[in-house]
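Residue numbers (our numbering), protein chains in the order written: chain A, 1 to 263; chain B, 1001 to 1258; chain C, 2001 to 2261.
Quick caveat, the hints were computed from the structure, so don't treat them as lab data. Just to be clear, a hint being listed does not mean it is correct.
Below 20 angstroms or equal to it, Euclidean Cα-Cα: the simulated DMTMM-like pairs (lysine to aspartate or glutamate) are [what the hints assert, rightly or not]:
#1 B:LYS1255 / C:GLU2166
#2 A:LYS98 / C:ASP2248
#3 B:LYS1150 / C:ASP2248
#4 A:LYS25 / A:GLU229
#5 B:LYS1255 / C:GLU2200
#6 C:LYS2151 / B:ASP1056
#7 A:LYS226 / A:ASP256
#8 B:LYS1150 / C:ASP2158
#9 A:LYS226 / A:GLU200
#10 A:LYS226 / A:ASP26
#11 C:LYS2151 / B:GLU1199
#12 A:LYS25 / A:GLU35
#13 C:LYS2108 / C:ASP2058
#14 A:LYS220 / A:GLU251
Heads up, incomplete: computed chain A residues facing chain C, CB under 10 angstroms, no partners named [as the list claims (entries may be wrong)]:
#15 GLY19
#16 VAL22
#17 LEU57
#18 VAL87
#19 LEU96
#20 GLY109
#21 ARG110
#22 THR119
#23 ARG164
#24 ARG216
#25 TYR218
This one's a predicted model, so the numbers in the text were calculated from it and none came from an experiment. Backbone N, C-alpha and C fix where the C-beta goes; we use that ideal spot for every residue, glycine too.
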Amino acid sequence: MSDQRGRIRFIDAGVTYPGGTVGMKDMNLEIEPGEFVVIVGSSGAGKSTLLRAVNGLNRLTSGSVEVDGETVSQREGRELRALRKRVGMIFQDFRLVKRLSVINNVLIGRLAHVPGWRTMFNLWPQHDRDIAIRALERVGIPEKAWVRASTLSGGQQQRVGIARALAQEPAIILADEPVASLDPVTTHQIMRDLVRINRELGITTLVNLHFLDLAREYGKRIIGLKHGELVYDGSAKTVTDEDFRDIYGREFTEDDLLEEQQE
Amino acid sequence: MIPQRPSRNWPLIIVTASFLLAMTWWSGNGIGFSVVEFLCNISGGGRLLAESWPPDFSYLPRLADPFMETLNIAIIGTVIGGILSVPVAVLAARNLTLGRVIWFTDRNFMNVLRTLPDLFWAMLFATAVGFGPVAGALALSVFTIAVISKLWSESLESIDMGLPEAVRAVGGTWLEMLKFGAIPQAMQHYVSYALYAFELNVRASMVLGLVGAGGIGMILETQRANFEYERVAMIVLVVLVAVLIIEEISEAIRKQLA
Amino acid sequence: MSGSAIQNQNRIGGATWATFIIAALFLWSMWAIGFSPERLGKLPAQMAEVLGFFYPADMAYGWDKVLPSIAESIQIAWIGTIIGAVFSLPLALLGARSLFPKFARVVKLISATTRAFPEILLAIYFVPIVGLGAFAGALAIGISSIGMLTKLGSEVVDSIDFGPVEAVEAAGGSRVMALRFAVLPQVLPEIIAHWLFRFELNIRASAVLGVVGAGGVGGVLLNTLRYRHFDKAAAVLVLTIGIVLVIDMVSGEIRRRIIRG
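The following block holds chain A by itself, in its conformation from the complex (with noise of 0.2 angstroms):
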C-alpha cells in the first residue's frame, strides 16, 4: 500500500465526448509517487481531460485509471469521495467562494475528512482548523486568513487554491493551467511554490502548462499530448525544441513562451 501511495496508471484508457469528439485515446502511462509532471499540448490536445479523468471529474468511456493502485473509472458516490478526498485539485480560475474568508475556503479542503453534521453549522474540530492553517503558512499567506477571498489580488487568491488543495494532506495534486490567469511575476511565483510543496511534502504533482519555457524551467519530466494521444514522455532536462513542434504540430511562436509575453 505505502508504495502505492500517490501512484497514477492509466492502462488503456480513453475519453469520447457525447458528440464524438476524443478527449483521450489509447493512453498507457504511469507516473510514480513523488513525481512532478508537466503535461504540455495545444488547446484542446486533451490536457484538462486526462488531469481530470485522475479525480473521476471526467469519465473515461474505456480502458481504465487507477490511483493508489485503486480503480477510478468503477467509483460512485461515497466510494468517489472517498478517493477525491486524497487528490487535491488547482484550478485556472482559483474557484474560491469569493464571499467567504480565505480560512473558510482552506476548509473546504477539510470536508470530506469532519463528519457532515459537524460541517453542517461550521463546527470545525481544532484538528482540523490548524491543517488549515498550516496550509496557509505553506504557501506564506497565514496572515490573510480571515479576510473576505474577494479583497485578494489573483496570485494571493491561486495561493488560498493552493492551500485548500494542500488542507486536503492528499497523495496528488492536479493543478489545471494553474498559471494562466496570472502575470508573469506571480507565474514564477506560483510555479516555485509548486515545486517546493512537491519537494518538501513528496505529493505527487501533475501541472497543466501552456508556456512551454515554464514547461522546461520548472518540469522534471514532460509529457506531451496531440489530440488526446501521448506523443512525448521524457525528461526536462533533455526535451529539444524539435519535440516542441511536434508536439504542437507546427513552428512554436513567441505565443507560447512566457518570456516574449513579458516584453
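With chain A fixed as given, assemble chains B and C onto it according to the hints.
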C-alpha cells in the same frame, strides 16, 4: 504569525437575533398561530376540497360575461395607468425632472400611491362612483401608476445622459429632449413594466368583485356566501388558467423584445 | 445606411400596429363596461364630494381600533414571510436548473401554480379550514410567498459562479456540502433581500385579506366605508399609509446594506 480571529459584531448580532425572535413571538401569538390547530382542522380542509370536486363545469358558460368584464377592467386600468405613469415617472427621475420641489413632491406622491393595496383603491372608488366595473377600472389605473412609475423612474435615472444633453445643446426644448433623447433609451423597459403591470392587473381584477368593483370576483363572492363550493372551484380554476396564460403571453412578448 | 433606415421603418410600423391594437382594445373595453365620456366628466365632482367627507379624520378611532388591526396585518405578513422563507429556501435550491435539472421542472410547476393564486382566493379556502381570522390569512400569505420566493431564489442560484461547486466536489465533498459551502454563501444576501422585499409586499397583501374575514386592517376599512363612516375610513388610510411608508423605508435601507455588505 496568524492573526487572531477578528471578533464578531456581537451587539449587532444579538440585537438582530432578539428582534427577529421577538417579532416572531409577537406575531405568532397575535394571530394565534398553531400547528396543532392546523393539523386538527386538516380533515375539515379535506372535506372542503371534496365538496369542491369536481368543479361545476355546467357553470362555465355563465362565467363568460363576467370574465370578459374582468379583462376589460384590466385593459382599461393598464392603459390609463400606463399613460399617466409617464409624467409621474419622468418627474420623479432625478436627471430629467424640472426642479427639486417638483421632484420631491412627485417622488413622495409616488411613494404614497404605492403604500395602498389594489383592493383599498377599489373600495374607495366603489364608494365614490358606486359599485361596478368603472370603480374597478379606476382603482387599477391608480394601482398601475404606482407600479410602473416607481420601476420606470429608476430605469430613466440610469440612462446615458449624452444624447439628451446634446438635444438640449442644439436648442431643443425639455419635451423634445424627453422625446428624442431620453425616452427612446428606456422604451424597452417601459414596455416590459407595462406588461408586468398588466399581469398584476389581470390577477387583481379577478378579486376586485369581492369589494363590489366588478368582474368575476362578484360572482365568486355570491357563490362563496351560498357555500356553492363546486362553483367556487370552477371560478378559481378559470382564474388560475387565465393568469397562467397571460403570464405565458407576456413572457413570450418580453422575449421577442429582448 | 439605407439598410438601417429600412429596419427603423419596420420597427416603427410594429409600434404603430401595437398602439392601434391597444387603442382598439381600450375603446372596446370602455364601451363594454359602460364607461362613457359623461361618466368620466362627472368623475372629478364625485371624487371631490367624497373626499370632502373624509376630512377631518377620526383619529381617536384610529388609535383605538385601527392601530391594533394594522398591527395584526403586520403580524400576518411576518408569519407569512417566515413560512415563505423557510419552505422556499430548499425549493429554490432544488429548482435551480443548473444544479438539479431533473427537479427544476417540477419545482417550477409548483411555484407557478402557487403564484397564480391571488392570496385572497387562498384565504377563501383557508378561512373555512382554520376558522375566521388572522391565522387563515397568514397561511394564505405564506403559501403564495413560497411560490414567489422559490422562483426568485432559483433565479439567484442559477446566476452564480459554479466553479466553487466543482472545487468542493473535487475535494471529496458531497452535493449537500457543495450547496452549503459553495452555493449558500453566494446566494444568501440576495435571497435575504428578496425575503425583506416580499415582507413589504405581504403587508399590502395582508391588509386586503380582512375583506374575506382573514384578519387585518382591510376588514375595518370595508366596514367603515360600508356604513359611510368616512372620518373613520380616513383614519384607516392615514395610519396605513404612514406605517407602510416607514416600514418600506427601513426595509429598503436594510436591503441595500445587505446587498452591498
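Going down the list of hints, with the structure as the test:
1. Note on B:LYS1255 and C:GLU2166: the hinted pairing is violated, with a Cα-Cα distance of about 32 angstroms set against a maximum of 20 angstroms.
2. As the CA atoms of A:LYS98 and C:ASP2248 are separated by approximately 30 angstroms, the hinted pair breaks the 20 angstroms bound.
3. The suggested pairing of B:LYS1150 with C:ASP2248 holds, with an alpha-carbon distance near 13 angstroms, which does not exceed 20 angstroms.
4. Taking the CA atoms of A:LYS25 and A:GLU229, the gap is near 5 angstroms; set against the 20 angstroms cutoff, the hint holds.
5. Between B:LYS1255 and C:GLU2200 the CA atoms are separated by roughly 29 angstroms; this puts the pair beyond 20 angstroms, and the hint is violated.
6. As the CA atoms of C:LYS2151 and B:ASP1056 are separated by approximately 32 angstroms, the hinted pair breaks the 20 angstroms bound.
7. Proximity of A:LYS226 to A:ASP256 is assessed by CA-CA distance (about 15 angstroms); at most 20 angstroms being required, the pair is judged to hold.
8. Between the alpha carbons of B:LYS1150 and C:ASP2158 the distance comes to roughly 27 angstroms, so the proposed pair goes past 20 angstroms and is violated.
9. Distance check on the hinted pair: A:LYS226 and A:GLU200 sit about 32 angstroms apart at the alpha-carbon level, beyond 20 angstroms; violated.
10. Proximity of A:LYS226 to A:ASP26 is assessed by CA-CA distance (about 12 angstroms); at most 20 angstroms being required, the pair is judged to hold.
11. Pair hint C:LYS2151 plus B:GLU1199 holds up; C-alpha atoms about 16 angstroms apart against a cutoff of 20 angstroms.
12. Simply put, A:LYS25 and A:GLU35 have alpha-carbon atoms about 23 angstroms apart, too far for the 20 angstroms limit, and the pair is violated.
13. For the hint linking C:LYS2108 to C:ASP2058, the alpha-carbon distance of about 48 angstroms lies beyond 20 angstroms, and the restraint is violated.
14. A hinted pair counts as satisfied when its Cα atoms are at most 20 angstroms apart, and A:LYS220 with A:GLU251 does not qualify at roughly 23 angstroms.
15. A cut of 10 angstroms between beta carbons decides the hint on A:GLY19: the least distance to chain C is about 18 angstroms, and the hint is violated.
16. Taken as an interface hint, A:VAL22 does not check out: its beta carbon lies about 23 angstroms from the nearest beta carbon of chain C, beyond 10 angstroms.
17. Hint on A:LEU57 holds. Least Cβ distance to chain C is approximately 6 angstroms, under the 10 angstroms limit.
18. Interface hint at A:VAL87: satisfied, since its Cβ lies 8 angstroms from the closest Cβ of chain C, which is below the 10 angstroms cut-off.
19. For the restraint placing A:LEU96 at the interface with chain C, the shortest Cβ-Cβ distance is roughly 7 angstroms, inside the 10 angstroms limit, so the hint holds.
20. Interface hint at A:GLY109: satisfied, since its Cβ lies 5 angstroms from the closest Cβ of chain C, which is below the 10 angstroms cut-off.
21. Of the supplied interface hints, the one on A:ARG110 holds, with its beta-carbon coming within about 8 angstroms of a beta-carbon of chain C, less than 10 angstroms.
22. The criterion of a C-beta within 10 angstroms of any C-beta in chain C is met by A:THR119, whose closest approach is roughly 6 angstroms, and the hint holds.
23. Because the smallest distance between the Cβ of A:ARG164 and any Cβ of chain C comes to about 7 angstroms, under 10 angstroms, the interface hint for this residue holds.
24. Evaluation of the A:ARG216 hint against chain C yields a violated restraint, the C-beta minimum of about 28 angstroms exceeding 10 angstroms.
25. This hint is violated: A:TYR218 has a C-beta 23 angstroms from the nearest C-beta of chain C, more than the 10 angstroms allowed.
When the structure is compared with the earlier hints, violations turn up for hints 1, 2, 5, 6, 8, 9, 12, 13, 14, 15, 16, 24 and 25 and for no others.
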